[in-house]
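> Using the sequences and the hints given, assemble the complete structure.
These protein sequence lines map, in sequence, to chains A and B. For the first sequence, the working numbering gives the first residue as 1, with consecutive numbering after it. For the second sequence, the working numbering gives the first residue as 1001, with consecutive numbering after it.
Calculated from the structure, these hints are not laboratory results. Keep in mind it's a predicted model, so treat the numbers as computed, not measured. From the three backbone atoms N, C-alpha and C, an ideal C-beta is built for every residue, glycine too. Each hint should be verified, as a subset may be incorrect.
Covered by chain A, per the in silico footprint, the following chain B stretches (three or more residues, Cβ under 8 Å) [unchecked claim]: (1) 1045-1053; (2) 1083-1090; (3) 1122-1129.
Some chain A residues judged to face chain B by a derived CB distance under 8 Å, without partners named [claimed, not checked]: (4) Lys26; (5) Leu74; (6) His78; (7) Glu85; (8) Ser87; (9) Gly122.
Chain residues, written in single-letter form:
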Amino acid sequence: MNKLVFCIVLVMFFFNASAQNRFLTKDAKIKFNSSTPLEDIVAESDQATTFIDIDKNEVAFSVLTTSFKFRRALMEEHFNENYMESSKFPKAKFFGKIIPQIDWKSRKELMANVKGELTMHGVSKEVTFNARITPGNDKITASAVLKITPEMFNITIPSALRDKIAKEVTINIEAIYVPYNQ
Amino acid sequence: MIQIMRKRKVFVIFLWIFLAGIIIALSATYYIFNMPRRNISREKPVYTLNAKQLISEFRKDEAVATARYLDQTIAVKGEIKGIRTLDNHSMVFSLDDEMEGVSCTVDSVDIVKNSAILKQFIKGATGSFKGRCSGMLMDVQVINCVPE
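Set out below in structure tokens:
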């Protein structure tokens, strides 16, 4: 009985400890650019959800692919129906580690590497990218840029359109995290 | 002479048909290229339900609920627990729970059009929205919403 109580207290302690060190935002911005001289292809979602766990130095992202807004409705339709196949794969996700261990007590802007697994279109790939992080007590600001190719995620682009879409897609991420105590 | 005139007539008719074809093809391409966005305010909701129901369906089986609701126009009603404005000037109304409830996003254009109703949508009030379900993260997201 005592053991059981001890276990419950221990679990609660760890749960509590980790909960206080999590930062969250549901309004992170993810913008991607695959423009070529032939066509401007830029899309943005303002509703990505992302966590940072400062104890574990971990970061997680997820975004609904139908939340990306394009300049033209036709581009949105192509993106969701032909390329991302949003009805089959409605989310894009990332989970990874921030390297090296960040001094979360610092108040200066830091550069770090983020390494982890990016899953979209049903394919998971390991990616590494640079991030700019400004730690804080009541908020953490972060931005990152990563480059991927559609082919990495088995996204096939018809040859007639291949020249209109950049070979490498640049993804910009901006997030302002606030403490999450739940 | 008559034969030449007849040939010319046939040629002119063909030329007109050809030109009409080109004009139709060009305007169709132009329309598709600049096709208008879905106007949710003119669409009838496929499902009408309250926020609690929608969340519980997604929590029970996300894959089944996603297959049912993704990209469908739905009408959802619930207590407003949180209101926030995004950088792109859209407004997000959280129904039932601020973190894990239903997030209804109203685009800036629709905020202007529906400002009178939206003024009544304050924290604690009951909000009712029609929009397009885009799936679940922590919350169930409904985008391109208009108040009802």
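> Hint by hint, note whether the structure agrees.
Consistency of the hints with the structure:
1. For the segment 1045-1053 of chain B, the proposed coverage by chain A is not satisfied: 0 residues have a C-beta within less than 8 Å of a C-beta in that chain, short of the threshold of three.
2. Counting residues of the segment 1083-1090 of chain B whose CB lies closer than 8 Å to any CB of chain A gives 5, which reaches the minimum of 3, so the coverage claim holds.
3. Check result for the segment 1122-1129 of chain B against chain A: violated, 0 residues qualifying (beta carbon to beta carbon below 8 Å, three or more required).
4. At a threshold of 8 Å, the smallest CB-CB gap from Lys26/A to chain B is about 7 Å, leaving the interface hint in force.
5. Against a cut-off of 8 Å between C-beta atoms, the interface hint on Leu74/A holds, since the closest Cβ of chain B lies about 5 Å away.
6. Proximity of His78/A to chain B is violated relative to the hint, the smallest CB-CB distance being about 11 Å (cut-off 8 Å).
7. A least Cβ separation of about 12 Å between Glu85/A and chain B goes past the 8 Å threshold, and the interface hint is therefore violated.
8. Hint on Ser87/A holds. Least Cβ distance to chain B is approximately 6 Å, under the 8 Å limit.
9. For the restraint placing Gly122/A at the interface with chain B, the shortest Cβ-Cβ distance is roughly 13 Å, beyond the 8 Å limit, so the hint is violated.
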